[in-house]
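Engineer: Now for the letters of each chain:
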Amino acid sequence: MSAATPRFTFGQAAVALAIGAFLVTFLVVPVLMVIYIAFTNPDGSLTLAHFQGFFQLSLMRESFYNSLYVAVMTVLLSTLIAVPLAYLTARFEFRGAVLIQTLGVLPLVMPAFVGASAMQLLFGRSGTVNLILQDAFGFTLPIMQGLNGVIFVETLHYFPFILLNVTVALANIDTAMEESAQNLGSSGFRLFRRIVFPLALPGYIAGASLVFIKVFDDLGTPLVLNVTNMLAPQAYLRVTSIGIEDPIGYVICVILVAFSVSAMAGSMWFLRGRDFATVNRGGVASLRRRLSPWQSVLAYGWIIAVLLLILSPHLGILLLSFSKVWSYSLLPEAWTLEHYPAVIENSSRMIWNTLLYCGLAALFCVIIGTAIAYLVQRTRVPGRHLLDAMVTAALAMPGVVLGIGYLRTFKNVEIPFTETALTSSWVIFVLAYTIRRLPYALRSCMAALSQVHISLEESAQNLGASRRRTIQRIVVPLMIGGIAAGFVTSFITAAVEISETILLTSRESLAPMSYGIYLYMQSISGRGPGAALAVITVLIVAVGTYISNHLIRTRAAHQTAAHIKAGAK
Amino acid sequence: MRMRHLAIALSLAGLLAAPAARAQQQVVIVTSFPKEITETYKKAFEAKNPGIRVEILNKPTPAGVAYIREAPANNKPDVFWVSAPDAFEVLAREKLLAKISNPNKDAPSKIGNYPVNDPQGYYLGQALAGYGLMWNTRYMKANKLPDPKEWADLTKPVYFGHVAMSSPSRSGTTHLTVETILQGEGWDKGWADLLRISGNCAAITERSFGVPDGVNNGQFGIGLVIDFFGLAGKASGFPVEFVYPSVTAIVPANIGMVAGAKNAENAQKFINYTLSVEGQELLFDPKISRLPVLPAVYKKAPAGFPNPFSGTIKPKVNFDSDLSEARYYVVSAIFDHTITFRHKELVAATKAIDTAAAKLAGKKNPQAEALLKEARDLAFTPIVGEARSKDKEFLALWRETKRDAAKAKQITALEEYWGTQARKNYAKAVELANQAAALAK
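Protein chains in written order, with the working numbering: chain D, 1 to 569; chain R, 570 to 1010.
Source of the hints: derived by calculation from the structure; they are not laboratory data.
Quick caveat, the model's predicted, so the values are computed rather than measured.
One or more of the hints may lead you astray.
[Claimed, not checked] Listed next, the in silico PhoX-like pairs over lysine-lysine satisfying Cα-Cα at most 25 Å (straight line): (1) R:Lys-933 - R:Lys-997; (2) R:Lys-628 - R:Lys-758; (3) R:Lys-725 - R:Lys-997; (4) D:Lys-324 - R:Lys-961; (5) R:Lys-664 - R:Lys-976; (6) R:Lys-961 - R:Lys-933; (7) R:Lys-883 - R:Lys-664; (8) R:Lys-617 - R:Lys-961; (9) R:Lys-664 - D:Lys-411; (10) D:Lys-411 - R:Lys-831; (11) R:Lys-856 - R:Lys-803; (12) R:Lys-758 - R:Lys-612; (13) R:Lys-978 - R:Lys-758; (14) R:Lys-997 - D:Lys-324; (15) R:Lys-997 - R:Lys-978; (16) D:Lys-411 - R:Lys-993; (17) R:Lys-710 - D:Lys-324; (18) R:Lys-831 - D:Lys-324; (19) R:Lys-993 - R:Lys-758; (20) R:Lys-617 - R:Lys-710.
Sequences and hints are given; from them, build the entire structure.
Structural biologist: The following block contains the structure:
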């Protein structure tokens, strides 16, 4: 860049300010509001009484320990499933790699609470598995009961976060490290424990902290499994049945935020100041080791077992969506096709709502994400890193907290020019989804922009293009793969979200599909249609995921092309 | 490029404007009823009244009460439609209901001793509901369990781990069931039975619907449910049965208009429709299976449908809604802090007592018997005695607004005391029962 460039332009500052104002209004203020109420009396004076009240209730202490226990156990179990799978694909000659890639995505396309109700039918007290066990051996396994059930369901839903992160991390390790270790005589588990895993630690920590946060904050799964002695359900129950004024609900919110933020900050702190860098990147194919025959058996056995487990909620939902009656039997005994037309007739509105809210939210996400990425990487506008930090912090904001914060902050706010209150309009969904998906979109946009070589922009400007035209014609088109990936990630994660959706739904006609499924699942003849709606959601999300994978691949191709072009200059 | 941007902006603006342009007449209904009921009424009413859109807001009863209380004055919903009459009492006391005119001249004024419509005119009976037991026939057969007839049957050890119920703080209908038992058996005996039944429960579910759902799919053997859940489950083809025990009350499920309703006129129209002959006949839909309030409508009832006006159900309890309303929050709080949140410990105590009792059966061991009796007393005596439950000052504590720090602290301390005391009692009961069992050798 030439030295004569001013620090920043007026336009850049205006964009930064607008984004800042948006983030402050819809992220910072609602969360601060929640924190403020937890620490004050009705007259506004500061107090710690609500916190004392919280810790005096042994129920709350128990909920706190339960939430912590479930989150930690889920991380441990997810690690057990994910790390061997990642290691297998990255380091061994192995034909199951495609299978494992599928494994990585499948659980994420179904909301955890939907999976929970399907898994009741398969693993519950009188589920398929236990009926077989009871018949054959005379005992049953309490897999789906109480905290066990929550841990089981959450593990199967969230382990891909660890799998994906560790796989990427392994791929980026310099294989010379392992070769040296092997030359020095290390092998097997020792090689993994002393060399490979420590080097892959950044990826593992990133994935594990994400799993911890997600599980700690999850509302839908415990509710569906009738587990109420956990923090998120307690916050929801207090605020919905006692009222939005109940201070304990806010105290719970503050604790949820504190833990999520410290989990994230902790993982960042842990990774800071340690050197994980290796000289070369990338695994060389020749290093892939062969599995001995019995190792192969073990590996394939493990993968097939995990695959079966992971597929079980999908299978359960599919069966349920075609079943008329499924009661105390291995499989449904009467089948029907009528749930699908019924759902499409009655709930097309919800499908449309999901497309509208999540589409708009994803659009805002990538617009804001691209703008922040540009501000951070290409300008010197003061406060640009603050924007980045605020968005990243949103990752640790539980849906329940944001939902309660919105209800409280915008209680009496009306949308300009209409008589609708903001909290009872559909706009609130778009806002909430945008804020909570922004971190995903921002990461994609940041990555995309960092791979666009700055010389391309400089060339355009040397040839006389204005800054704005450069962004329009050069930067955005080159980033488009990353932007699209960010859009799709935001879209699919918003489509399966339930925590804030339950809290913010003020009219059934405004509800998105995730709420529709929840509602259907609460009625006698609704399990079939609910399952059908879930299958439709999964299909929409799966198509979205496929597109996003496709775009990421073509983006990679694009960028190589861009780099070659840049190099040719 | 510019043109394309403009087109995108315009279509976005169109999207944003669309819902506003569609603004039309509507009526907003807060209800705890399942989708089968709301969807059926929505469709029928909209067909009859073109131009009025029915907006359903589905919430569990207590959450619905909280929602109406907290909705801003300019944005109140219009109609409140749930089973539990005591929820209406709570709303009426807080001046959150409007008086409505009664179109239902043919409905009887009383069912048993219970007025079908609110004497003060704040809410009207829209259907009748009884409470009973529902069970999964396959589950019962597989586990070799006898069919229950009465609440008291569920206190028997044979049903240990096979029962399910919800919590009164989460479900208005469960609150009614609990009150019915308390009023039918008396406070102390009622709580003893409830504690014993809860000790037999496999789960205390988060929503009342969790019970019939679990019974339908065979997770639970027997559930305590409102009648239409059982009847509708049976009508939908599930292998379930339903009975009204003799300690039951027939109570109206009600409908009322919210004070300050934005669409008061449409609200009255909707209420009138649900009470018309046509609206009443909709209740016979197998997916709904509720009891109409108009006796004349029963001529069209499907075969085998219970009729509270012909004596097919014989309720023994005359439900006292004033009493129920007076202790509404207290009953919920006691239930939650000694049962729902301490369920694991209660189940452990029940199991230990059952085991000891089985070992002692047929043996004469006065010392062990005494220990066992002490264990039973510890586990199955309510934390709040009958005298205290009538104490006005004690009850008043729960009626005040929640955010007064001093009051909140008092309640919190009390709830904490109940919780820890219950846990201690259950642990002690396990200990005593184990001692008794050891003596039986």
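Engineer: Evaluate each hint against the coordinates.
Structural biologist: The hints, checked one at a time:
Between R:Lys-933 and R:Lys-997 the alpha-carbon distance is near 23 Å, which keeps this suggested pair within the 25 Å criterion. Proximity of R:Lys-628 to R:Lys-758 is assessed by CA-CA distance (about 32 Å); at most 25 Å being required, the pair is judged violated. Between R:Lys-725 and R:Lys-997 the alpha-carbon distance is near 21 Å, which keeps this suggested pair within the 25 Å criterion. Among the hinted pairs, D:Lys-324 with R:Lys-961 is inconsistent with the structure: their alpha-carbon atoms are about 52 Å apart, more than 25 Å.
About 23 Å separates the Cα atoms of R:Lys-664 and R:Lys-976, which keeps this hinted pair within 25 Å; it holds. For the hint pairing R:Lys-961 with R:Lys-933, the CA-to-CA distance comes to about 46 Å; that exceeds 25 Å, so the pair is violated. Among the hinted pairs, R:Lys-883 with R:Lys-664 is inconsistent with the structure: their alpha-carbon atoms are about 35 Å apart, more than 25 Å. Distance restraint check for R:Lys-617 and R:Lys-961: the Cα-Cα separation of roughly 49 Å exceeds the 25 Å cut-off, and the hinted pair is therefore not satisfied.
For the suggested pair R:Lys-664 and D:Lys-411, the alpha carbons sit about 21 Å apart, so the restraint of at most 25 Å is met. For a cut-off of 25 Å, the pair hint linking D:Lys-411 to R:Lys-831 stands: about 17 Å separates their Cα positions. The suggested pairing of R:Lys-856 with R:Lys-803 holds, with an alpha-carbon distance near 9 Å, which does not exceed 25 Å. A C-alpha spacing of about 46 Å is found between R:Lys-758 and R:Lys-612, which places the hinted pair above 25 Å, so the restraint is violated.
Our distance criterion of 25 Å between C-alpha atoms is broken by R:Lys-978 and R:Lys-758, whose separation comes to about 30 Å. For the suggested pair R:Lys-997 and D:Lys-324, the alpha carbons sit about 47 Å apart, so the restraint of at most 25 Å is broken. A threshold of 25 Å between alpha carbons decides the hint, and for R:Lys-997 with R:Lys-978 the separation of about 28 Å lies outside it, so the pair is violated. About 43 Å separates the Cα atoms of D:Lys-411 and R:Lys-993, which puts this hinted pair outside 25 Å; it is violated.
Only pairs whose Cα atoms come within 25 Å are accepted, and R:Lys-710 paired with D:Lys-324 is accepted, the gap being roughly 22 Å. For a cut-off of 25 Å, the pair hint linking R:Lys-831 to D:Lys-324 is broken: about 41 Å separates their Cα positions. Restraint check for R:Lys-993 and R:Lys-758: satisfied, since their Cα atoms lie roughly 21 Å apart, inside the 25 Å limit. As the CA atoms of R:Lys-617 and R:Lys-710 are separated by approximately 47 Å, the hinted pair breaks the 25 Å bound.
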